[in-house]
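Trainee: Just so you know, the protein sequences line up as chains A and B, in that order. Everything in the first sequence is counted per our numbering, starting at 1 for the first residue and increasing by one. Everything in the second sequence is counted per our numbering, starting at 1001 for the first residue and increasing by one.
Hints may be right or wrong, so weigh each one.
[What the hints assert, rightly or not] Rough simulated footprint, nothing fancy, chain A against chain B, three-plus residues with beta-carbon under 8 Å: (1) 1092-1103; (2) 1174-1180; (3) 1438-1445; (4) 1530-1539.
Rather than coming from a laboratory, the hints here were simulated on the basis of the structure. Note that this is a predicted model, so its numbers are computed, not measured. We put the beta carbon where it would ideally sit given N, CA and C, even for glycine.
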Amino acid sequence: MEALPAGPAPAPRNQMVAGATVASVAMAMLVGGMLGVWALERREAIDAEGSWLPSGVTIPEVPSNVMLIAFLGILSFAHWAQWSAKRDDRPHTIFALGSTAFVAVLVLNAQFYIYNQMDLGVADGRYGSMFYAITGAFCALMVAGIVFTLVALFRYLGGRTNESELLVAHTVIWYALGVVYSAIWFVVYVTK
Amino acid sequence: MTTIDSSPEQAAGSSTIERFLAADVDWLTSTDSKKTGRLFIGTGLIGLLATVVINVLISVERLDGADVALDADSWVQLFSAQRFGLIFGAALPIGMGLALAAVPLQVGARSIAFPRLAQMGFFMWFGGFALAYAAIIGNGGFGGDADMVDLFFAAHGLMVLGLLAGAASVVTTVLTTRAPGMTMRRVPFFAFSAFIYGIGLLLVLPVLLGSLVYLFVDHRSGSGLLFESGVSEYAQWAFGQPTSFLYALPIIGLLAELLPVTFAKRTPFRGLVFGGLTLIGVAALAGSTQQTVFQVPWEGSQLYIGDSDDVTTKLGDLVPWALFHLLPLLGAGIVLLMTLFMAKPEKGAKINIIGAFPFALFGFFMVLVGMAGAAILPFVDLELLGTVFDEAALVYVVYGLVLGAMGGVVYWAPKLWGVVLDLKVVTPLALLGLLGTIAASFPHYIAGFLGQEAGFAYSDSDLQIWNIIVLVGHALMAATVLAFVGLLAKTVAGRDDEPVADDPFDAHTIEWATTSPAPADNFVDVPMITSAEPLLDAKEANRVTEGSDS
């Protein structure tokens, strides 16, 4: 064997942030692909039937707009957690992470409120099944984001306060979810 | 850490059952990516055998084109199972397994990034694989019966998630765990191809997952309108050309990796090879834009360009074709040119053909023929769309990929199992696999030109001979896989205590600087990298030192 000289300890290369970015790309492609199919089906339905939204179905716009605004709150809290962690401010980090999770749960609540108000069944034609599929996929991504936040929170509660990279990755994920929801908001709730 | 680790060896008792259970636990809970990779490769080969059985069934049914025993529903199921098995049961897990096993070693990482995610990815893929085949057997799959179709979509989604987990691990490994001094330009070709492959999968598989979610919700809810109106077409791109070029990318990277070892020289113009591998990755665009089969009318003359409207129409036809077919073909062509350039005889040059090279070379050529076939498929004037030609191009790519993957297993066997598979033993298998691939594919290229449609039935009895040869080809491929697995198992089981040399192939990259087999954490000390061929540099430096000493 040819002995190669041992190198210095590898420099930290932000593995969590890279992983979060990769996951964000995958999330964007998932929802982007679904919105692409949505747009094609919508165009076909309008060409064939004149409308895409089933008659009698109204989309409640207030909660969908509130969800978008809530993402500003989520991102602010995520940044707050990151900023506090950098300064070894454990109480603020924990509070900010808890607030992130709380507002994210409120977003989910608003989504379920929309389901409740729309009076649309999942079996009500193409629109029904596609609407529930795409918003359901978004809910699943939100749950994953909340789980990530809770994991970060419990690690901080457990005393692992030197993991500021984890919180950068956490912010990246919430940015990605914000982008994903913005696209859904525009295509599904605004363009209809 | 507050957890208590106990190694399986310590936990194992003396009885055979206890040792067997301890070994199982070791494999099931391992965070060693070499084990995860081997699990993917092993089960991928099982998936391939299952698919070859389906291929044989289809071929048997095609022996007599006038007497078709299966009804229309059954043959739709069989063909969808064939494509599903070729891509998701064989091509993707085998490529992923090779990437997981070799990439951390190649980039000098002591561990893959997110090893538990990679391991979980295997179990998600494997669970989905088992459930999907159960669903297909129970009349699930595209066009099947109610409940089993739901199971198929859910299982398929699980497989996609598992493969995504593996891809995320590979990409993050190349980005973040490279040895000190290893810039992206110094990354070995195979690791680079696995990196592009991983990025490509991260771009295309989520799009497929989205389509599967639509189909599952629609079918499960009982609406069925999407299913009936053909939204399943939005998933078809994942099972054919040109997306399959992306799946074969690691094999093309493997050939580029083996060229400097085989011809005992440094690869010139490394940037060009990186560019070629990236161009093949452009095939990911076809998937991420859900590109299904498109048509390129040629209007009788290759030089035909009429007025300005015609020019616009012609460009509209040709640009997607060039983007999705020509660019990947150009990328593969660059690797082919590099192969020829490296093989050019030079005075005093030695050739070091190792067991992996025939597999990788044959696999690459088969993939290339499949890519070329897929590139001419969209030309309407050739009347190949809807014929068996399309199926043949896919079989070329997937069987070529399998041949190449066998080359990868042979190449890294010293690091994975601590054994060397001899050139004389494996070359006949490579030739058998080459023969099987050609026989299973090329006759359908001919039959496609003769107009044999993609289903079972055909009226022209002259086509029968081609279908008989295809049946023989699939049987030969099954024999190749079985013989290869048997040979590997026999060699691994029969290995003696004599240690294998760390660098049995006189290779250039850093995985050959660690012991054979490689330890669980790959390297005792992570080496310092100063060039793209660090081991070759060290050997040359040693030779100079020895020369000056003598």
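Trainee: If a hint holds in the structure, say so; if it does not, say that too.
Mentor: Hints, verified against the model:
Taking a C-beta to C-beta cut-off of 8 Å, the stretch 1092-1103 of chain B contributes 0 residues in contact with chain A, too few for the three needed, and the coverage statement is violated. Note: the stretch 1174-1180 of chain B has 6 residues with beta-carbon separation from chain A under 8 Å; the three-residue rule is met and the coverage holds. Counting residues of the stretch 1438-1445 of chain B whose CB lies closer than 8 Å to any CB of chain A gives 0, so the stated coverage by that chain is violated, three being the minimum. Check on the stretch 1530-1539 of chain B: 4 of its residues sit with their Cβ under 8 Å from a Cβ of chain A, so the three-residue criterion for coverage holds.
Checked against the numbered hints given earlier, the structure breaks hints 1 and 3 and satisfies all the rest.
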